[in-house]
Amino acid sequence: MRSLSLAVCGLLLAGPGFAQSPNWLNARTIEIDMKNFAFVPATITLQRGAPYRLRFVNTAGGGHNFVAKAFFEQATIDPASRSTINKGEVDLGGGESGDVRLVVNRIGTYDVHCSHFMHSIFGMKGKIVVR
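Mapping of the sequence shown onto mature numbering (1 follows the signal peptide of the UniProt record, and there is no 0): residues -19 to -1, 1 to 112, in sequence order.
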């Protein structure tokens, strides 16, 4: 009986790891425009623990990507969105769009950039601030 009580206490103390999955219908949508040499907005502010739908839209004629490996690694990604992220980046051809639904787990500031040749040097970079 004592070991059962300890196991129950352990589960209760574990907290968020045993929380219900997010209600994605309540996720706040943030659109990220991938233009020629810019992300709009360049700074994205999110709340830890809240569900979000990041809508990436490449309005440029050529390809761009949104590289944020550390950010995506710490987030809980909706299984339906996992195929949109490859090795910590969202890669879109000209005129394409894609959605990533996630919950951010860690407070911090995460750098983002486009890794296509010379794009970040010309200003295609930004940050995600999690509070």
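Hints were generated in silico from the structure; no laboratory data involved.
Among the hints, erroneous ones may be present.
Each computed DSS-like pair below joins lysine-lysine, with the alpha-carbon atoms no more than 27 Å apart [what the hints assert, rightly or not]:
| no. | residue 1 | residue 2 |
| --- | --- | --- |
| 1 | K108 | K68 |
| 2 | K16 | K106 |
| 3 | K68 | K50 |
| 4 | K68 | K16 |
| 5 | K106 | K68 |
| 6 | K50 | K106 |
| 7 | K16 | K50 |
| 8 | K50 | K108 |
| 9 | K108 | K16 |
Restraint-style ranges between C-beta atoms, simulated for each label pair [what the hints assert, rightly or not]:
| no. | residue 1 | residue 2 | range |
| --- | --- | --- | --- |
| 10 | G75 | R112 | 19 to 25 Å |
| 11 | A31 | H97 | 29 to 35 Å |
| 12 | I102 | S2 | 22 to 28 Å |
For every residue, glycine included, the Cβ atom is placed at its ideal position computed from N, Cα and C.
Status of the hints after comparison with the structure:
no.: 1; hint: K108 with K68; in the structure: 18 Å, holds
no.: 2; hint: K16 with K106; in the structure: 11 Å, holds
no.: 3; hint: K68 with K50; in the structure: 7 Å, holds
no.: 4; hint: K68 with K16; in the structure: 22 Å, holds
no.: 5; hint: K106 with K68; in the structure: 18 Å, holds
no.: 6; hint: K50 with K106; in the structure: 14 Å, holds
no.: 7; hint: K16 with K50; in the structure: 20 Å, holds
no.: 8; hint: K50 with K108; in the structure: 12 Å, holds
no.: 9; hint: K108 with K16; in the structure: 16 Å, holds
no.: 10; hint: G75 with R112: 19 to 25 Å; in the structure: 34 Å, violated
no.: 11; hint: A31 with H97: 29 to 35 Å; in the structure: 31 Å, holds
no.: 12; hint: I102 with S2: 22 to 28 Å; in the structure: 40 Å, violated
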